[in-house]
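Residues per chain are reported as follows:
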Amino acid sequence: MESHIAEIVQHTGGVIGNAWLMIAFPLVGAFILLVFNRFTNRWGHLLGVAMSLASFVVAVLAFFELIGFGEEERRRAVHLYEFIPGMVDMGLLIDPLSISFALLITGVGSLIHIYSIGYMAHDEHRRRFFSYLNLFVAAMLLLVLADNYVGLFIGWEGVGLASYLLIGFWQFKPSAAVAAKKAFVVNRVGDFGLLVGMFIIWTTFGTLTFAELGEKIQPGQTNGTMLAIGLLLLLGACGKSAQLPLQSWLLDAMEGPTPVSALIHAATMVTAGVYLVVRSGAFFFPEGSGAALAVAIVGAATLLAGAIIGCAKDDIKKGLAGSTMSQIGYMMLGAGLGPAGYAFAIGHLITHGFFKADMFLGAGSVMHGMNDEVDMRKYGALRKVMPITFVTFFIGYLAIIGFPLLSGYFTKDGIIETAVHHQPILGWLAVLGAGITGFYMSRMVFMTFFGQKRWADDAHPHESPLVMTVPLMILSLGALGLGAYLVLSNRLLLFLAPAVGRPEELPEFAPFAPSGLATLGLVAVGAIFAWMKYGRAEVPSVQPRGSFLTTFARRDLYGDALNESLFMRPGQWLTRLAVFFDNRGVDGIVNGLAAGIGGSSGRLRRVQTGFARTYALSIFIGAALLTGALLLVGNI
Amino acid sequence: MTTHYLVLSGILFAIGALGVLIRRNAIVVFMCVELMLNACNLAFVTFSRQVGNLEGQIIAFFVMVVAAAEVVVGLAIIVTIFRTRRSASVDDANLLKY
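Going down the list, the sequences are from chains S and D. Sequential numbering from 1 applies to the first sequence in this note's numbering. Sequential numbering from 1001 applies to the second sequence in this note's numbering.
Since the hints were made in silico from the structure, they are not lab data. The C-beta atom is built at its ideal place from N, Cα and C for all residues, glycine as well. Just to be clear, a hint being listed does not mean it is correct.
[As the list claims (entries may be wrong)] Label pairs and their calculated CB-CB ranges:
1) D:PHE1061 - S:SER601: 36 to 46 angstroms
2) D:GLU1034 - S:GLY596: 51 to 61 angstroms
3) S:GLY596 - D:PHE1061: 48 to 58 angstroms
4) S:ASN591 - D:VAL1072: 47 to 57 angstroms
5) S:VAL590 - D:ALA1076: 45 to 55 angstroms
6) S:GLY592 - D:VAL1079: 47 to 57 angstroms
7) S:ASN591 - D:VAL1007: 31 to 41 angstroms
8) S:GLY592 - D:VAL1071: 46 to 56 angstroms
Let the sequences and hints guide you as you build the complete structure.
Okay, structure coming up:
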């Protein structure tokens, strides 16, 4: 291990001692809204926002209390209660890593709550929507704040539930109901990995608490068990974070309302996998373990797959979903590089939370003005009618493609440079991915805001109300400057170091490294190519047939087809076989036995003729046989 | 010699058994049953004489007691059946079947 991780200190009192309030506020909000139901219809959304904001305030106060401690004392465990006697005590771990997540979740979460007031204003189930959002925030906070894997897992399932409920929020749409089910089922596969990983941790180390695990895992411990734990946790992370090969649910998840896509399926929940990998770093980084390499490979593969998918989508939300996959791929790649990459992975996670939420909400704002049209071929020239949405979206766009000095430039290039340094092949693939990002994001911006109007006849686009645009502005501010703040002079890295470890040498900010220049060049090429194809040239308002490659990307790289042929079809055969066996085999034996007994007894009852002499004859024959038998054995 | 008694007992038993099997009149069947019982009694008494103890004779008395009781119940049943069906044929009383 190339780093030193600080000891965990027990803590009582103060804001950190009451950090459970962070989880309690939104949980109580969800409870009130769900239990009191219609009675809260009038003010339910305000309560939801208030609870989320209260949680944010607690997080900020806890953050300031935390940085008041010395660097080596910034990992504070708060004991709450005995959860499973003799096995696990429930407690919270407030350290730089978890507090960063908590700030992101509550901060961006609150902004999205506020935005939803406007976005869901005309939905008759707005109160239910806010109760689910609050439930999500509570579960997500439990996920990142718990000081043991059991608490993490409860939060993990909680966000899965909230995600399911919110994807299927408009459950009257069959597509939404199916998408929700798909997300749930695919996530079960990942949860299986996490759960089995936890089982192995428990049997190997006898504890599931982060603090005790930190003491028990020897540095440099490497064997098959550690590798197995690492790979199983990676499977869990893949499910939640929509990484290959469990990526297929995220694109369908866009059936949910747009604020949900922004909060859950872009900014926070889907990054839980990255959190899991970073938090469980000890299982991934024994010397020579393949688990970390597996993480990096999964990340690199997904960042390319997501980018390619993003290139061909005409649905603005699905395009953004492909991009989310891709960006989380970058984070995974960073998390697979060890302490050197952790800070950039988390940094990219935070800035991505801002600029992707910004763009999703921007897309929501566009949809809001365009009668919920999502097809970008029906947009065009919207920058004049939606100036605020355009400017904020454009800032998010510049941030994601890594335009110099914006957020994405610092965090994504940090990941790329670290990757080129540690895993050159994966690093250069990430450079290629950045170029593709430049293309598909530019395509999205040009198709939506530039070019000719291709609106439907009944579309009257208009700017959204302030309650929606103010969160956009705040998020775009984050997209502008947060990356520079976090990365320059290694601020985030030094802040996170006590929790995740410090790399041997601190990364230098090197704006003219070859990989950085190559990235910028490729992004520029991608953007110019997109301008020629979608900005300057006329965009057909009906989807053209496209080449083989376009179809390949449109169909999500045949991910669904692969799942169908590999898992669904054989599964169906298996169930059919089981049904056949049940009907013919099990039922056959039981029914056959009953029929046989029934038939033979039907024949046997014919013996009962009702004539006394028949019975007398049978008695005589029996007696004669008995006598004969006795004579035969010679007893008489 | 007691063999003759045993032969007579066997003949009487066979006649009784045959009567039970082939006659239809309930009274006659009943009398045939009595004939078989008495054939047995004869055999018991004969063996008692043959081996020289009294057990066989005692059992013969028991058989007679049972036969008397049986006559009471059996005749009552036959009379009742005759009253309801105006027939004493055992083949007519064949409702208790499949």
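Exercise for the section: For ASN591 of chain S and VAL1007 of chain D, compare the CB-CB distance with the range 31 to 41 angstroms and indicate the outcome. Expected result: Because 59 angstroms falls outside the window, the suggested range is violated.
Handout entry: Range hint 51 to 61 angstroms (beta carbons of GLU1034 of chain D and GLY596 of chain S) holds or violated
Key = violated, 45 angstroms
Handout entry: Status of the given 46 to 56 angstroms range, CB of VAL1071 of chain D versus CB of GLY592 of chain S
Key = holds, 52 angstroms
Exercise for the section: With 36 to 46 angstroms as the target window, see if PHE1061 of chain D and SER601 of chain S comply at their CB atoms. Expected result: holds, 44 angstroms
Practice task
Starting from the range 47 to 57 angstroms, see whether the pair ASN591 of chain S and VAL1072 of chain D falls in it by beta-carbon distance.
Solution key: holds, 52 angstroms
Problem - Cβ distance range 47 to 57 angstroms for GLY592 of chain S and VAL1079 of chain D, holds or violated - result: holds, 51 angstroms
Practice task
With respect to the beta-carbon atoms only, verify the hint that VAL590 of chain S and ALA1076 of chain D lie 45 to 55 angstroms apart.
Solution key: With Cβ atoms ~49 angstroms apart, the hint holds.
Exercise for the section: Determine whether the Cβ-Cβ distance between GLY596 of chain S and PHE1061 of chain D falls within the hinted range of 48 to 58 angstroms. Expected result: Holds: the Cβ-Cβ distance is about 52 angstroms, inside 48 to 58 angstroms.
In this structure, the earlier hints numbered 2, 7 are contradicted, and the remaining ones agree with it.
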